[in-house]
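Undergrad: Sequence:
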Amino acid sequence: MLRIRFALAAILAAAGSIAAADVSLNNMFGDHMVLQQGIRNKVWGKADAGEAVTVTLGGQTHSTTAAADGSWHVFLDPVQEYGGPHTLTIKGKNTVAFDDVLIGEVWVCAGQSNMQWSLNQANDPDIEKAAAKFPNIRLLSVPQVGTQEPQWNFNGKWGVCSPETAGEFSAVGYLFGRQLHQTLGVPVGLIDNAWGGSAAEAWVKRDKLAAHDALKAIHERWLKTEEGFEAAKADFEKKMTEWKAASETAKAEGKPVPKQPANPAGQMTGNARPGNIHSGVLVPSIGYGIRGAIWYQGESNAGRAYQYRDLFPFMIKSWREEWGLGDFPFYWVQLADYQAEKAEPAESAWAELREAQTLTMKALPNTGEAVIIDLGEGKDIHPKNKQDVAKRLARWALAETYKVPGIACRSPLYKSMEKQGSKIVLSFDHATGGWRPFDVAEPRGFTIAGADRKFVAAKAAVLGDGRIEVWSETVADPVAVRYAWADNPVCNMYSGAGLPLTPFRTDDFPGLTVEAK
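Read in the numbering used here, the sequence shown has 25 at position 25, and its numbers run on one by one without any break.
Worth flagging that the hints you see were computed from the coordinates, not collected in a lab. Hints may contain errors.
The calculated lysine-lysine pairs, modelled on DSBU-like cross-linking and capped at a C-alpha distance of 35 angstroms, are [what the hints assert, rightly or not]: (1) Lys259 <-> Lys224; (2) Lys517 <-> Lys224; (3) Lys423 <-> Lys454; (4) Lys205 <-> Lys391.
Hey, can you work out the whole structure from these sequences and the hints?
TA: Structure (structure tokens):
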């Protein structure tokens, strides 16, 4: 079952019920929490204006005074040793103590439904949950609240990973964290704030989006929706009156009840409105000490894939600036194969979104892409094999963030092409251990085109130096090659390390989504 969506009204009520006279903390802090090892962890909360507040962890103590609005924060000195349990104590006019606090590695698990998808919904949930006996893995889920008003707090708390608690948590998040925990032997804290169906623009500050030359069109498009909301609401109420009458008539006549009209209020509090998730979900957690983030999203933005070339790196840079932890590691999952396989080459918005994701890896430091073009299901946008998805993400963290030797993490990446008569020869980076075509010996998934830009299925062969030559008897003078360029391509190239070749194209011909805003 997906995580229950908490009503915004309940969250606001909970935040408003905090007694001003007592020291209180954001719910990022609580029993069983994990503090990030090796950094200055921020601890924050509320108290009376001018109230003295003291925070103690182990042998360190820090004091501050609440500001005029009651807010306060301190920074803990970095703790270099993993482990615990510790007690975090906050004292003002009252005393708050959090027990069973661990020092470990903390990761945010964000995105849309494929990140939200629970362990209960993944492959082998019965044996996965039975084995989830990891008391030093801690889990925290942030409810889905969509609002333009930045929230101070949320309804949630840390829990200890067990066969009873793991099933409802993000499958990719849990399996990623488990791999880190088992490999590194350290406590791991996982923060799941994913929201199914969410658009990337909902995860960033609205004013920053509006000020961005390449992205302000998103903001302006939503202004028109917002301006028409009152009229849409009045129209909805009229349609609801008509629907209720029609429903009663249908029931009386034994006929099917007509479909209920859609409430436009859902757009205002939903997961596509720019800034909604940022204000309702991210703001309460921004500033909490983390090592990095993993991300699985893109399906909702595929129709605007060219725009994603700007939007996705903009989102990552925005998070990094707001968290104040520098260029923390940010690893994501490239879109899987999905929908019907097509025998003939065709344009593809999903292929263009995958390309935008890959370009982001080149644009920003300390980023990485888990290629899963082989793990999808044509019939289901939510493939159940989350185990291999999580492993490919964990490879990035273990190899690049934690510098564990001998672990491959980078899928082969197109580097350059050279035309040799009627053939095109391709060179690649990160083809570790050479090539291993899957299932059959010959490479599959390549298409080729001449100056007419009409792609046809191509033949391919691996050369002795790791390059791949591509050709077709029907294209005498080729100019471009593509690989796995489809919603659900038939392709089979892996590196010797077992990682799939990243989908690519050598051309820059305008695609399906080039004009989409």
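Undergrad: Decide, hint by hint, whether the structure agrees.
TA: Do the hints match the structure? See the list:
1. Lys259 <-> Lys224: 27 angstroms, holds
2. Lys517 <-> Lys224: OK: Lys517 and Lys224 at ~14 angstroms, within 35 angstroms.
3. Lys423 <-> Lys454: OK: Lys423 and Lys454 at ~16 angstroms, within 35 angstroms.
4. Lys205 <-> Lys391: Answer holds: Lys205 to Lys391 is near 31 angstroms, not above 35 angstroms.
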